[in-house]
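J.: Sequence:
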Amino acid sequence: MGRRAKRRRFGSMPVRTDRKSGRRYIEARYQPPVEAYSRWPSLPKRISRRFPVGFETEAEKWLNDAETSIRMGIWEPPEAAENAHRADSVSFGEYATDFVRNRRKANGEPIAVTTRQKYEQYLRDYLLPVLGNLPMAAVTPRDIQRWADSMKVGKAGEGASIKRHAWELLNAIFRQACSQPLDDEGTTLLSSNPVLLHVDRPRSDRAYGDVSMEELNTLYEAMPGRFALVIYLVGVLSLRPGEAYALQRRDVNLADDDNGGRLHVGKSAKGVMRNGHKVMTVGSTKTPGSIRDLDIPAFMVPAIRRHLDLYVDDRPDGWLFTGERSHTLVFDQSVRNAWYRARRAVPRLEERRLRLYDLRHRALTEVAKHTNSLKAVMAQGGHTQVNTAMHYQHVTESEREKILAGIEADAEAAEREQEPAPAPETDPVQQDPHEGLAALASALESMGLDVRVQVLQGLPEGRRTLVLGCFSKQAQVETMKELLKGI
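Each number in the numbering used here comes from the position in the sequence shown (counting from 1) with 109 added on.
By construction, these hints were calculated from the structure, which means they are not laboratory data. All C-beta atoms, glycine included, are put in the ideal place defined by N, C-alpha and C. Any given hint could turn out to be false.
[Unchecked claim] Derived DSSO-like pairs (lysine-lysine); straight-line CA-CA distance at most 27 Å:
id, residue 1, residue 2
1, K376, K387
2, K261, K227
3, K227, K379
[As the list claims (entries may be wrong)] Quick list of the computed label-pair ranges, beta carbon to beta carbon:
id, residue 1, residue 2, range
4, R359, R453, 33 to 39 Å
5, R445, A281, 25 to 31 Å
6, T390, R133, 35 to 41 Å
7, R464, A407, 24 to 30 Å
8, S157, Q285, 27 to 33 Å
9, K214, T574, 47 to 53 Å
10, R573, R464, 18 to 24 Å
11, R180, L306, 44 to 50 Å
12, S300, S151, 42 to 48 Å
13, V222, S157, 23 to 29 Å
14, E323, S300, 55 to 61 Å
15, S300, G131, 40 to 46 Å
16, Q285, K129, 32 to 38 Å
With the hints as extra help, turn the sequences into a complete structure.
T.: Set out below in structure tokens:
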């Protein structure tokens with residue numbers, strides 16, 4: 110117990126002894142104004158602050174300042190006042206580092222180790238050198254522009270992707286600073302976000318998916334035997350490379366008659382830094398929706414059986430892909446190095462610098478060509494967001510040829526309609542009304558709905574009906590709904 114405090118008009122200053130350290134201190138304390146409880150319901154009965162013995166003057170000043178603010182009607186809890194000025198004392202480097210260290214997914218789970226390490230790289234290499242020492246409150250849109258100018262993008266788009274990723278992290282940091290409450294009053298570190306500029310997502314109209322089956326086979330043959338199957342797993346079954354590396358013998362179930370089978374995708378292998386060295390770890394897939402069972406086409410069965418016989422231990426937990434010397438889980442960089450060498454076998458893809466991951470685009474583009482169900486494409490790729498699935502569907506050269514053929518067919522048909530109609534050589538009832546329209550219908554289905562409708566509205570009514578009849582059922586329904594809106 111401390112000695113009795115000297116009686117004051119406002120508050121008190123008893124001297125107390127800390128039970129753990131035995132040190133004596135002054136506890137300045139006072140009762141907050143009654144009306145403050147309506148605004149801050151969780152206020153304690155007393156507001157207090159410790160001062161070392163001998164600092165009575167400072168303690169009295171603290172109490173006098175509190176009394177003055179109460180009388181003037183401007184009093185706030187010390188925590189709220191500190192939060193209001195915290196942005197002036199916390200640097201971007203301190204706040205951003207804490208943001209990355211404690212970042213969580215939308216569902217509350219911690220972000221993956223690899224994701225956190227990537228964020229740390231963005232901070233270290235791109236953000237902190239420009240903004241690190243600035244107080245959070247001092248960062249202005251001009252500073253953000255200065256950062257953007259520091260990240261140059263080449264004429265061919267070099268650096269655009271990493272700049273976009275760094276911008277996404279930067280924007281998320283300031284968005285949290287403007288929205289995360291620091292106290293019960295809802296005080297936030299910042300009141301406005303200085304990230305006003307927008308860094309566009311790099312154009313994804315490169316022909317990611319434009320890899321023929323013949324080229325895929327060439328890549329398979331050019332890869333080292335122990336890694337060759339990765340080409341089909343990524344380029345046909347649309348696995349992410351990390352999902353392929355994490356496969357085990359028990360994940361493969363081939364039919365007894367070799368007419369296909371099933372592949373279970375339930376894990377992903379990732380390289381992470383530990384104690385300055387990179388190690389491979391196996392964890393969960395990118396999202397819960399990425400866990401899936403895929404049908405194996407029959408043509409892949411011989412390649413899978415050969416791989417299992419030559420390179421996989423004969424036990425359920427044997428890894429499908431292992432290092433040539435270590436015979437443990439393969440390093441992702443080892444496969445990438447093999448891929449770079451194999452890519453030279455297809456000069457067109459070597460010139461394009463196609464990534465191994467881009468074969469996944471190829472696989473999902475092929476899936477989209479064989480089905481009108483976006484849900485089926487999402488299931489194949491392990492996607493939970495529609496926009497993500499759409500990102501992987503790219504226009505191939507054959508699709509461009511279809512569009513060109515459709516335009517040509519439309520032009521030729523228009524010319525024929527302007528010419529005098531020749532005498533029918535056969536009974537019109539016996540002619541196929543769909544003849545010559547399939548290419549145009551196929552081209553229109555591959556276009557966006559708004560463009561498709563514009564083209565159809567420009568056709569004669571009879572021809573429009575025939576083209577609609579060539580559409581798939583789904584395309585007919587969505588197109589008719591849009592056409593009827595203008596009636």
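J.: Hints first: check each against the structure and report whether it holds.
T.: Now for the hints, and whether the structure bears them out:
A C-alpha spacing of about 19 Å is found between K376 and K387, which places the hinted pair at or below 27 Å, so the restraint holds. Between K261 and K227 the CA atoms are separated by roughly 20 Å; this keeps the pair inside 27 Å, and the hint holds. With a C-alpha separation of about 12 Å, the suggested pairing of K227 with K379 holds against the 27 Å cut-off. Checked against the given bound of 33 to 39 Å, the beta carbons of R359 and R453, roughly 35 Å apart, stay inside it.
The given range of 25 to 31 Å is respected by R445 and A281, whose C-beta atoms sit roughly 29 Å from each other. The given range of 35 to 41 Å is broken by T390 and R133, whose C-beta atoms sit roughly 53 Å from each other. Our hint of 24 to 30 Å for R464 and A407 holds, since their Cβ atoms are close to 28 Å apart. The hint said 27 to 33 Å for the Cβ distance between S157 and Q285, and at roughly 31 Å that hint holds.
Taken as a hint, the range 47 to 53 Å holds for the pair K214 and T574, whose Cβ atoms sit roughly 50 Å apart. Restraint check, R573 to R464: a C-beta distance of roughly 43 Å breaks the suggested window 18 to 24 Å. Distance hint check: the CB atoms of R180 and L306 are about 46 Å apart, consistent with the given range 44 to 50 Å. At roughly 23 Å, the beta-carbon separation of S300 and S151 lies outside the given 42 to 48 Å, and the hint is violated.
In this structure the supplied range 23 to 29 Å is violated for V222 paired with S157, their Cβ-Cβ distance being about 42 Å. A hinted range of 55 to 61 Å holds for the C-beta pair E323 and S300, which are about 60 Å apart. Here the CB-CB span from S300 to G131 is close to 45 Å, well matched to the stated 40 to 46 Å. About 36 Å separates the C-beta atoms of Q285 and K129, a value consistent with the hinted range of 32 to 38 Å.
Hint compliance for this structure: hints 6, 10, 12, 13 are broken, all remaining hints hold.
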